[in-house]
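Start from the sequences, fold in the hints, and give me the full structure.
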Amino acid sequence: NCTCEPGWTGDDCSVDVDECSQHPCPDYRQCRNLNGSFECVCWSGLEISSNGTCQ
Numbered sequence: 001n002c003t004c005e006p007g008w009t010g011d012d013c014s015v016d017v018d019e020c021s022q023h024p025c026p027d028y029r030q031c032r033n034l035n036g037s038f039e040c041v042c043w044s045g046l047e048i049s050s051n052g053t054c055q
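The sequence shown maps to residues 1 to 55 in the UniProt record's numbering.
Please keep in mind that the hints were generated in silico from the structure rather than gathered at the bench. Since the structure is predicted, the reported quantities are computational estimates derived from the model, not experimental observations. C-beta: ideal position from N, C-alpha, C; glycine also. Be careful, since some hints might not be right.
Stated by the list, open to error - Per label pair, the in silico range of CB-to-CB distance:
#, residue 1, residue 2, range
1, Trp43, Asp18, 32 to 42 Å
2, Cys20, Ser49, 19 to 29 Å
3, Arg32, Cys4, 31 to 41 Å
4, Gln55, Cys2, 17 to 27 Å
5, Gln22, Trp43, 15 to 25 Å
6, Leu46, Ser14, 26 to 36 Å
7, Glu39, Thr9, 31 to 41 Å
8, Thr3, Gln55, 11 to 21 Å
9, Val15, Gly45, 32 to 42 Å
10, Ser44, His23, 37 to 47 Å
11, Thr9, Gln30, 14 to 24 Å
12, Asp11, Gln55, 43 to 53 Å
Below is the structure:
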């Protein structure tokens, strides 16, 4: 039995976990699932402000 690195699962740790299914991004951001990770980006038409919110 092996322990997978964060973001990976499966018998041989080759299956990417879909972190976006847990809705990790704050309001006005969409989640993009990446290999072994994820990122939160502002919805189209919005930009990140100096305080880190999307406007």
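Violations among the numbered hints: 1, 3, 4, 7, 8, 10
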